[in-house]
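Asker: With these hints in hand, go ahead and build the complete structure from the sequences.
Number of protein chains: 4
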Amino acid sequence: MDVNKKYFNNISNRERALFEGAITMGALFHQFIGIPINLKSVESLEQSIKTAMELQPCINKVNVEINRNILKEIENEYDYISLTGEMLDVKVESNYSNGRAIIRLKYISELNYPLMYVEDIR
Amino acid sequence: MDVNKKYFNNISNRERALFEGAITMGALFHQFIGIPINLKSVESLEQSIKTAMELQPCINKVNVEINRNILKEIENEYDYISLTGEMLDVKVESNYSNGRAIIRLKYISELNYPLMYVEDIR
Amino acid sequence: MDVNKKYFNNISNRERALFEGAITMGALFHQFIGIPINLKSVESLEQSIKTAMELQPCINKVNVEINRNILKEIENEYDYISLTGEMLDVKVESNYSNGRAIIRLKYISELNYPLMYVEDIR
Amino acid sequence: MDVNKKYFNNISNRERALFEGAITMGALFHQFIGIPINLKSVESLEQSIKTAMELQPCINKVNVEINRNILKEIENEYDYISLTGEMLDVKVESNYSNGRAIIRLKYISELNYPLMYVEDIR
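Residue numbers (my numbering), protein chains in the order written: chain A, 4 to 125; chain B, 4 to 125; chain C, 4 to 125; chain D, 4 to 125.
Be careful, since some hints might not be right.
When chains are identical, the list treats them as one kind, so a pair holds in a single copy or across two.
Derived pair list, reagent style DSS-like, types lysine-lysine, alpha-carbon separation capped at 30 Å [said to hold, decoys possible]:
#: 1; residue 1: K43; residue 2: K75
#: 2; residue 1: K8; residue 2: K75
#: 3; residue 1: K64; residue 2: K8
#: 4; residue 1: K109; residue 2: K8
#: 5; residue 1: K75; residue 2: K9
#: 6; residue 1: K43; residue 2: K109
For the record, the hints were derived by calculation from the structure and aren't laboratory data. Every value quoted in this text rests on a predicted model; they were computed, and no experiment measured them.
Answerer: Here's what the structure looks like:
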C-alpha cells in the first residue's frame with residue numbers, strides 16, 4: 004500500500020508539511036508538559052525532546068529551548084518545577100517533497116498564551 | 004493586537020483550519036495515551052476528551068470512539084488497561100472563516116500504525 | 004499465581020495501602036497536567052479523572068477538586084488554560100485488607116509547591 | 004516551616020521512603036508513556052527519564068531500561084513506536100533519613116501487566 008497516495012492525495016505538498024509539523028507541535032506540548040525540571044536537567048531534557056520528536060513522520064529538525072531565566076528563579080523546598088508551556092520556545096521543521104513548513108511555539112506575553120504559529124512555509 | 008493578522012497572514016483559511024485541527028489531534032493523542040481504562044470508564048473518558056479538546060482554537064467538534072472490543076478482551080489481574088493509539092478512532096473538525104478541515108485518527112492494521120490523515124478539507 | 008503473596012509479602016497491609024495510593028497520586032498528576040480546561044469543562048474533567056484513577060489497584064475512592072477561582076481569572080484570547088498542579092486538590096483513598104491510607108495533593112502557597120502527603124493512615 | 008514535621012510526622016522513615024518512591028514510579032509511567040521511540044533514540048530517552056525523575060523529593064537513584072528486543076521488531080511505515088508500559092524495566096531508589104525503599108516496575112508476562120512492587124525496603 005502506498006500510504007501517501009491512499010490517504011494524502013487530497014492535500015498539496017505544502018499542506019502535508021504543514022499538517023505533519025502541526026501534529027508534532029501539538030504532540031510535543033502535551034507529551035512533555037509536567038516533567039520535573041531544573042537547571043541541572045534542562046539540557047538533557049531539551050535533547051531528549053528533540054530526539055523523540057524528530058522520529059515523527061516528515062519531521063526534519065526540531066529545536067527546543069527551555070527558558071533558563073524561569074528555572075533560575077525557582078524558589079521552593081525541592082529545587083525543581085514542572086515544565087509549563089510558557090517555558091518553551093520550539094521550532095519544528097517539516098518537509099514533504101518540495102513542501103516545507105517551520106512551526107513555532109513561543110510564549111507571547113501580550114497574549115498570556117503559548118502560541119503555535121507558522122513561521123515559514125512554502 | 005489582532006493575533007490572526009500578526010501571526011497567521013502567511014497561510015490561507017483552509018490551511019489555518021488544517022493547522023489547528025492537526026495540532027489538536029497531536030495534542031489529544033499524547034495527552035490521553037496511558038490513562039487507565041475499562042468498559043465501565045470508557046464513556047466518561049470519551050466525553051471528557053471531547054470536551055477538553057473542543058476548547059482549543061478553531062476546533063468546532065471532536066468525536067472520540069474507543070474500541071470496546073479491545074476492552075472486552077482485557078485479561079489481567081486488575082481489570083483495566085492503559086489507553087493506546089490502536090484503540091482510538093477520532094475525528095476533529097476545525098474551522099477558520101470559510102476554511103474547514105476534518106482530521107482523522109484511525110488505527111490502520113495494514114500499516115500497524117495509528118494514522119492521522121485529512122478526511123476532508125476545503 | 005498469587006500476586007500478593009509473590010510480590011508484596013515484604014510490606015504490611017498499611018504499607019501496601021500507602022504504596023498503591025502514592026502510585027495513583029503520582030500517576031494522576033502526570034497524566035492529566037496540561038489538559039485544556041475552563042469553567043465549562045471543569046466538571047467533566049473532574050469526573051473523568053476520578054473514574055479513571057479509581058480503576059487502579061487497591062484504590063477505593065478518588066475525589067478531585069479543580070480550583071474554580073483560577074479558572075475565573077483566565078484572561079487570554081482563547082478562554083482556556085492548561086491544567087497545572089496548583090489548581091488541583093485531590094484525595095485518594097486506598098485499601099488493602101485492614102490497611103487504609105488517604106493521600107492528599109494540595110497546593111501549599113507557603114511552599115509554592117503542590118505537595119503530596121499522607122492525610123490519614125492505619 | 005518544617006515541611007517534614009508539619010506534613011509527615013504520621014509516617015515512619017521507612018514509610019516516607021516508600022511513599023516518595025511510589026509517587027515517582029506512578030509519575031514516571033504516566034509522564035513518559037506515548038513518547039515516540041526507536042533504537043536510535045532509546046539511550047537518550049532512558050537518560051532523560053532518569054535525570055528528570057531523580058529531581059523528585061527523596062529520590063536517590065533511578066535506573067531505566069527500555070526493552071531493545073521490542074524496538075528491534077518494529078515493522079511499520081514510520082520506523083518508530085509509542086513507548087508502552089511493557090517495554091519498561093525501572094528501579095527507583097528513595098531515601099528518607101534511615102529509611103530506604105527500592106521500587107520496581109517490570110512487565111510480568113504471566114500477569115500480562117506492568118507490575119509496580121517493592122523490591123527492597125528497610
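Asker: Now tell me if each hint is right for this structure.
Answerer: Taking the hints in turn, this is what the structure says about them:
For a Cα distance limit of 30 Å, the shortest separation of K43 from K75 inside one copy, 11 Å, qualifies, whereas the shortest one across copies, 32 Å, does not. For the identical chains of this complex, K8 and K75 are inter-copy neighbours only, at 28 Å across copies versus 50 Å inside a copy, given an alpha-carbon limit of 30 Å. Proximity of K64 to K8 under the C-alpha cut-off of 30 Å is found in both arrangements, the shortest distances being 24 Å within a copy and 27 Å between copies. When the C-alpha separation of K109 and K8 is checked against a cutoff of 30 Å, the pair qualifies only between copies, where the shortest distance is 17 Å, while the shortest distance within a copy is 34 Å.
Taking identical chains as interchangeable, the C-alpha atoms of K75 and K9 lie at most 30 Å apart only when they sit on different chains, with a minimum of 27 Å there against 50 Å within one chain. Taking CA atoms no more than 30 Å apart as the test, K43 paired with K109 passes in both settings, with 23 Å inside one copy and 26 Å between copies.
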